[in-house]
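Engineer: Next come the chains, spelled out residue by residue.
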Amino acid sequence: MNKPFTPSSASNTGLSSTGPGGDTGPDKSERAGRRATIDIVNASLGRRYRAERRFRFIGMSAVVIGLAFVAILFADIIGKGYSAFQQTYIRLTVDFAAEVIDPEGTRDRAVLSDANYLKLARDALAARFPEVTQRADKQALFGLLSPGAPQQLREMVMADPGIIGTTREVWVLADDDADMFMKGRSTPIDIQRGAGLASLIPVEGGADDQIQVLSTANDFSDIMSDLDDFRTEDRVDATSPGAQEELTPEMPSHLVAINGGLVKVQQATSAAVIGTLIKPLATATDAQPGQWATMRFGTPENDRRLKDPVVAWIYDLGEAGDIEKRFNSLFFTQGASREPELAGIAGALMGSFYTLVLTLLLSFPVGVGAALYLEEFAPRNWLTDLIEVNINNLAAVPSIIFGLLGLAVFINFFGIPRSTPLVGALVLTFMTLPTIIIASRSALQSVPPSIREAALGVGASPLQTQFHHVLPLAIPGMLTGAILGMARALGETAPLLMIGMVAFIVDTPTGFLSPSTVLPVQIYLWADSPEVGFVERTSAAILVLLAFLAVMNLAAVLLRRKFERRW
Amino acid sequence: MNAIAEDITRMTGAMTADDLAPLRDFSGTVGDFTSPQARMVCRNVDVHYGDKHAIKNVSLDIGRNEVVAMIGPSGCGKSTFLRCLNRMNDTVPGCRVRGRITLDGQDIYDKQQDVVPLRAQVGMVFQKPNPFPKSIYENVAYGPRIHGLTNDKIELDALVETSLRKAGLWDEVKDRLQQPGTGLSGGQQQRLCIARTIAVSPEVILMDEPCSALDPIATARIEELIDELREQYSIAIVTHSMQQAARVSQRTAYFHLGDLVEVGETSQIFTNPSHKLTEDYITGRFG
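First to last, the sequence lines map onto chains D and P.
Take the first sequence: its letter number 521 is residue 611 in the working numbering, and every next letter is one higher.
Take the second sequence: its letter number 45 is residue 1505 in the working numbering, and every next letter is one higher.
For the record, the hints were derived by calculation from the structure and aren't laboratory data.
In this text, all values refer to a predicted model and were calculated from it rather than measured experimentally.
Hints may contain errors.
[Stated by the list, open to error] Quick list of in silico lysine to any residue cross-link-like pairs, SDA-like style, CA-CA up to 20 Å:
1. P:LYS1594 / D:ILE565
2. P:LYS1626 / P:ALA1680
3. P:LYS1588 / D:ASN482
4. D:LYS652 / P:LYS1594
5. P:LYS1588 / D:ARG542
6. P:LYS1588 / D:PRO539
Just chain P, with the same shape it has in the complex (with noise of 0.2 Å):
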């Protein structure tokens, strides 16, 4: 390869053969996976849909008050990941999951575990903002009641009540409990699809993307959002905005193709990435 081809390879951001040589030699994570107040620990794993090796052999600790950012290009499996971690893979027809996931120490892929319980524990936000079509106090109030979390009714409104004030919605909402969750506007339904999942106290919240469908003064809030969750929650984010990553987390893990390449702490993986594909996605070469 001539010089001159190099560099007009530098120039459009394409990627070449020598690219793509650190992936096909790929032995394992750059920097620690591990950390030191884990609370959900994730070791060795694959995770198959029927013939497609989506997640290799894949190890991340997510921590005690702490948020991990997943970042990747398209279809690196960081969603996948993180939908192994309550087990939503579950309903994928066709999807196996191999390799161990404990939750403060107990396997959820156990035969013995439930995965209500799971659910309960490990809530989820996702993409779009999904409220039932009920109203907003039912939204909330749905998980409480059907775990019986709460003993009457009185218990429940301040269930209610606390869960919309923490997700900051509580001011916008309070007169108009009763009015369907679907009538709000985009970024409010996803702060009641967080409300609705911290309503049932889990120790870990999953959001899968939860800005990509939001505008940026709503993105704004939900990313101070998850910033005072942390106090309180261990939160694992997907997101396509590095920004973003780099705004909301501590540790920044960065998937390829099914593999993690590098973790590490967010100021380190944005300033000083180890590894060159997180380099090159990072600097905004490919992705």
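Same shape as in the complex, but just chain D (with noise of 0.2 Å):
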């Protein structure tokens, strides 16, 4: 309903409630018609510099978000990554046996080449262990070392007849399994030193390797509190306090290492406990208050690959020194590979190299030459509006039209080889040739047209005043447009699989016209791995490709700095 304002309504509606007279409308007009210009100033100052406070706030809002995001993104690649630059080797003393790798004494290449390196490798490891006897347990501990360990072997004897027949100390590859244990990947490990005196007594009518370690101080409380948490209640209607309590596999796995043994725990009393010997004691003495500890597997055995006995064997290296992380060169040497340890980014980081020399080489001259005769020759009508307006369009086509485009024309038509840096280069160049086209462009448009006149002005031909002084201006900012694409380039997955460099490729490509893959595209198959070895080398090969993004973008803003040139 439309009624006319009153001011009698208006405190009826309760808009005004400002005393009762009707008059404070026209009175308040007038003393803002009185006030002087000064005052209105003053009086909106405050809402001004509230609104610029407000719009900061926001502003550092916004960036300090975007860091912390950024920052945990790396914190995260970076905590995952790391480890991958490390890899564990195993000592062994490796006996070079003639009549193993050359038993006719021919010493020709091709029987060196075929000889049974993995004979070797696992009779070195079983010689190391020698109490390892059943088949099951030897197939267990051959299971710590890499296929790659009889691969280094052969290396050996291929690049040295001559220690054929002697004995010799090689660090082998261990296996992606005791590789992520040793990384603590596979369980988290938690030891105590044991804080009273521990003794030892046999089991009685139980197994020869049964044993019962004692300890003064609380020492296994830690056990029984993962005991409390697994017990069902059936199982505590069943027992009674200061019963001795099964440890199951679905448990969290304790041990205990003392004199130079390991007791793997099955029973549990906060005083004591029984368990396995899976590793022989030294002495059956008692041990020091901080000379024995208990150390807790977080992961149950059940849910682990590496079984609590291999994880005494690699104890027992370790104690021995014959266990070690080292700087992990085979990541930086080696191709794909089925097995996380012998998995290198060098096949995809020369895919990408020779797929981005190609790109560059094939985007910049043509973009930069499209620039220059769009910009500077071409004749302004509706063809050449037609090919900018399409240029500009294509700079924001999906990736993976291109790869589709790729497919059918460079690899159906015209029989380019698929999965090569050749088609693969093909393909990114369409993707980096509009984003140059318009960098250039840009460029062009940001030399003054004064240079231009200086230089027809004494008569230069169109053609030597882009050359000889246009082009040499315009040059770093399409440097940098060229730099930023080829970057982008780089880290372009989707158009390269539509082109087979989606391929699982292990030899390092040689050339332009070998299969190859690319770094991103790498990424993506590890990332699909399955191993847990993989996690940290995804995380890895993702470090190596930001550090070559980060790179080119210093690249080109350095460029852009050196050769700024004011006029």
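Got two chains here, separate frames each, mind docking them using the hints?
Structural biologist: Written out as structure tokens, the structure is:
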């Protein structure tokens, strides 16, 4: 309902609370009319400054939040990836027995190459652990060795056949399970020094390798609390306080390291544990406080690939200094592999290198040429307008479309071999061309027209004007655009999937026509792999990719600084 | 119109409908636009920028060893006309030039005429000093080098020195020839541009307000230089400063809204203009 505004109706509806009189409105406007400009300005100052402070606060918050997310991202990647730059090696005393490698003594390279180096490596490991006799245990023990270990021995022999018949100490690659354990990735390890005096008592009526460990202090409280956590209701009813309880493989493992041996705890009370010796004791005497330790592996044995006996062997190797983490040079020299410890980024890096070099060689001259022509020589008509609009549109086309185009045109029509840097570079050229053309055109536009006039004025031809004067001034901007385009191409995955660069390629590519993959695709492949060892390698490869991107962007900034000229 | 209003108009310098009357029935240039020793001859030149008729039927000669000044209010077409003389307008989209312009009898808008040699013969100095962002030496040597005017480094060095001497810049820059030309002062930069122009030994030098970005001292140096250069070259200069036109030129052409209103001896134009528009302009009633 539309009532004319009157003071009474306003006060009725509660819109106005100022006084009873209806004369406030005219009075106010009269006062405003008399107010000096400075008063009006002063009155609005507070609001203006508040608006500015609010804006600054919002801006700062946005920056802080953005940086925080970047920091989290980097912390996550670095936290996961740094360990990939180290690799676990095992020291073996290898007997390069002539009867295994070359029984006939021909020293023929084919014979040397085909010899059974796996047997050499396994024999050396078996000799290191003479107490392991069971077939199943031996299989588990040999699992500590990477498939790369015999490879290493073969390379040693091929490089120097003179070592046949000698015995050498060799650091061989450990399997990824052992590697993950050494890096603490397979289970969290919690070691506590024993606080009390520990004494060892053989278990009456038990097996030979069973033993009871008693402590004078409360050293087994961790085990008890784990037991509490896993105790089911019916077990609560079944057990009386102080009774011995069984540890199951569904629970975190507890080991006692004492007198050079390892006891895997199977039953526990708060004062004593009974367990199996998975590593023999050196002596059976009592251990002083601090001379023995309890270890807790947070991941239950059932959920681990590395069972407790294997852990005992690793522990033994570690005690003797025969297992250690070293710089992982294989990561930078090897191609793809199904074995995480043998997988490296060399193949992907070289693939990226060949692809990017070719992309730059193809897209920079074409892009700069197109920009020069469109900007400086082409007549302005509907055709060039159409080209211009389309170039700008192409910059926004999803990259996978370029991949489909490459598949249809380059591979299916022109028959260029797939998964090669050549076809990859052609596709990436399509993708980077719009970027380079747009950047180059804006670089050309920023060259002052007076330079062109000056050159034309002394009689330079249009081409001379462009190449002698305009281009040198525009080239830093063009290079910046090209490097940013290249950085985008370096990180591109989708179009390359379409043209077969997603293939599993072990060999490092040697040219523009050898099958290869690229770094981001390698990351994609590794991220898909089930082995735990690939998690850290994925993150490490991301770190390498990010490092390259950072270097390229830095180069763009430096180039711009260096060649930036004033006129 | 009553007398008081007329007085006010005269005092304020505003133009009235009566003042514009001569323009409406403009029928040609007052004064003699020919030169006895003509080097460049322009006849019935019309220039259109798209729909805009920028130059209307202009005829003017530029003679040997003389400085022709072109004056007129902003937008009168004097710069456009100047840029026709070495076909710099070719680079402007939508610009059409009609009429006949010859250099030593050769039609410069002939289809056979190549603009590159034309611009080597008709050099140009621009309003804003625009040295290349290269060394002083390279600035001067660029023209001779692209035209192949010298056979070796020694000749080129000599040519650079001569050009810089003619431009009166040699003594100031001889010790820093390899330093960037953009590092010089404004007046020095403009003289460097003049040196660059005369290094290719043109016959005619066009100057488009060469002193408008300079201080009075630098302006005086350039004006002196123009006077010296007259010995060897024909010079056409566009200027906004009537004093400058009076100081440096022998003949003066007054442009108004695309028309060449009056041409004559500089002394005559400034002391005894024949056309009312010229008179109004030089006496400062408008412009």
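Engineer: All the hints need checking, so say for each whether the structure fits it.
Structural biologist: Right, here's what the structure says about each hint:
Simply put, LYS1594 (chain P) and ILE565 (chain D) have alpha-carbon atoms about 15 Å apart, close enough for the 20 Å limit, and the pair holds. Among the hinted pairs, LYS1626 (chain P) with ALA1680 (chain P) is consistent with the structure: their alpha-carbon atoms are about 16 Å apart, no more than 20 Å. Among the hinted pairs, LYS1588 (chain P) with ASN482 (chain D) is inconsistent with the structure: their alpha-carbon atoms are about 35 Å apart, more than 20 Å. Distance hint between LYS652 (chain D) and LYS1594 (chain P) is fulfilled; the C-alpha atoms sit about 15 Å from each other, no more than 20 Å.
About 13 Å separates the Cα atoms of LYS1588 (chain P) and ARG542 (chain D), which keeps this hinted pair within 20 Å; it holds. Simply put, LYS1588 (chain P) and PRO539 (chain D) have alpha-carbon atoms about 11 Å apart, close enough for the 20 Å limit, and the pair holds.
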